[in-house]
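Asks: Put chain B on the given structure of chain A with help from the hints.
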Amino acid sequence: MSTDTPPSAAATRWVELAVALLIIVGGAIVVTDSYRVGVSWDANGPQAGYFPHIIGWLLTVVGTWIAVKTLFRWSALAGKSFVSSHELRLVLAMFVPTAVYIVLLQYIGIYVASALYIGAFMIWQGKYKLLPTVMVSVGVPVVMFLLFEIWFLVPLPKGPLEHWLGY
Amino acid sequence: MEELSNLFQGFQVAISYKNLLFMLIGILLGVLIGVLPGLGGANGVAILLPLTFTMPPTSAIIMLSCIYWGALFGGAITSILFNIPGEPWSVATTFDGYPMAQKGRAGEALTAAFTSSFVGALFAVLLITFLAPLVARFALQFGPPEYFAIQLLTFCSFVGMGREPPAKTIASMMLGFALAAVGLDTVTGTLRMTFGRTELLQGFDFLIAVIGLFGLGEIFLTMEEGLSFQGKSGKIDPIIVLRTWAQLPKFWVTSLRSCIIGCWMGITPGGATPASFMSYGMARRMSKNGPTFGEGQIEGVIAPETAAHAAGTSALLPMLTLGIPGSPTAAVLLGGLLIWGLQPGPLLFVEKKDFVWGLIASMYLGNIAGLLIVLTTVPFWAAILRIPFSIIAPVIVVICAIGAYTVHSNMFDVVMMLVFGVVGYAFKKLKYPLAPMVLALVLGDMAETAFRQSMLLSAGSLAIFWSNGLVGSIVTLALVILCWPLISRARESLRKRPAPA
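Chains as they are written, first to last, in the numbering used here: chain A, 1 to 167; chain B, 1001 to 1501.
Please note that the accuracy of each hint is not assured.
Calculated cross-link-like contacts (lysine to aspartate or glutamate; reagent style EDC-like; alpha-carbon spacing at most 16 Å) [claimed, not checked]: (1) K1353(B) x E1002(B); (2) K69(A) x E1164(B); (3) K1431(B) x E1164(B); (4) K1429(B) x D42(A).
Keep in mind the hints are simulated off the structure, nothing from the lab.
Next up, chain A with everything else stripped away, as it sits in the complex (with noise of 0.2 Å):
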């Protein structure tokens, strides 16, 4: 038995528990409001909830299969990680930053928002030094923009920088 394992984040059974129950809750999601726009027939044929709420009753049944076979196999799973910590933290390191990116995108533009994230990116993870960092982080959305707004023409959103340029 190896005694060098890495530290886990989250057991395997707990996930898949959570996952199922999420599933569950799908399908009385889609159940319901399925029945809210009714299921059977009116004059004019099948009401819209007709064919989801099959969909939602089998999402329910499936979810109970998988929790049940889980919590059957709780004892047989011990052990097994999902994640592990430094996994986890790699994993996260990706995550978050992508989260703040998406958030960011919607107030200061696009490409703004692209050359924070990249030159953030090339700094933190990549540990480059402030010159090359600003040549790729600002020349890769300077392409994008020539691409897109002047070649393709397909806007994408743009922030108080462009705004302020006049476009």
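Replies: Showing chain B alone in chain A's frame:
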């Protein structure tokens, strides 16, 4: 033969300067997409789809399908040189491709991979050329019950023949259907599951789901491994190419078998990924070099690559003729067809001959061009991968975000892309298959319409699905495949019963 004359007309459409240029751009973009993690075949086509809205549909589909071929070729490059599969269907190529590169035989491995891909794709395109019109004519007899039956067969195959636990496959599929149902119901005009939020009026677009699930999800997974791209050198010189080509005909049995496996998996929805694994497994079992697989056996590269390309290409057959995509990328292309106002199915062959045969002709050209381009540009792609992950990863995310935004010019979609990314990450780790979810999302509305129309025809009775020989046999087949795991388990336990006392 009628097919050949149609094909020649198709070539005339495909060989125009504009379309040839799009072909070239498509292949180059495709290889780039295939080489970069996080930008995959399905994902890449999804991101570029909105940009093709202003192009004529024939040129657009030529470019998009060339991106597809390029991605099929590109996935092999990183598998062999870096032991990192650029695409899910190139995983099996790493088994023998990377050991070959480690032994200094990278050039051989790459040549073998690209040539096998070409052979597989060519086989599939020939199949499409001659089979598609037949299937299309056959499909003219289809009414709503038959269409629903085919879709039922599709989804049951995922459950019955998939490698993931059936319960999780069903869950994934149903989630896809549920997501497809959100928004305005076009038949009754009622809003379903929008809970008063205007952003959900249009429902969830499959493009956003694909970019999030296959794009961001893949990047999150890649981050776990703390990736660094240290690859082997990938120089190919013409002598190695010729020498490898001389060797390849020896393995024609493996090649033929892989073509057949690939076409079968492409047509019955499975796709390139299961095809590559199945082909590798069978080759290992049936070849006399079997025991040396995994140590750098060239057959171990030929088998998965041929099958993956044959599957990827033949996935377009059911997509064009029946409207059933045989792979996630074909699903995205199907979505594209619908957006351009083209209804896949038998009428497409009748009403839009130029489009269909132009596309089929471009498949031949695209594959030849793809093979030549990819053989000559390998060092370039290898160099791109040496760009450190800290630069490439955020750039890929930015591209995905742009892709998600350009679909409906909707910020909400970008947020949903991130949510789908988390779902993709979690689902992949828990072995919930993603392909059924995407297929259900693309086909959900069509399946519901077919079901509804069938019910209207039968005034609510399910008996319509056994009302004639065609429908009845398809539905029965679907149910048998659905229950296949149970049936095979029952057979196994019966076989174990008579134990010697």
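Asks: Does each hint hold? Answer for all of them.
Replies: Right, here's what the structure says about each hint:
Under the criterion of a C-alpha separation no larger than 16 Å, the hint pairing K1353(B) with E1002(B) is consistent with the structure, at around 12 Å. A hinted pair counts as satisfied when its Cα atoms are at most 16 Å apart, and K69(A) with E1164(B) qualifies at roughly 15 Å. For the proposed pair K1431(B) and E1164(B), the alpha carbon gap of about 6 Å is at most 16 Å, so the pair holds. The suggested pairing of K1429(B) with D42(A) is violated, with an alpha-carbon distance near 44 Å, which exceeds 16 Å.
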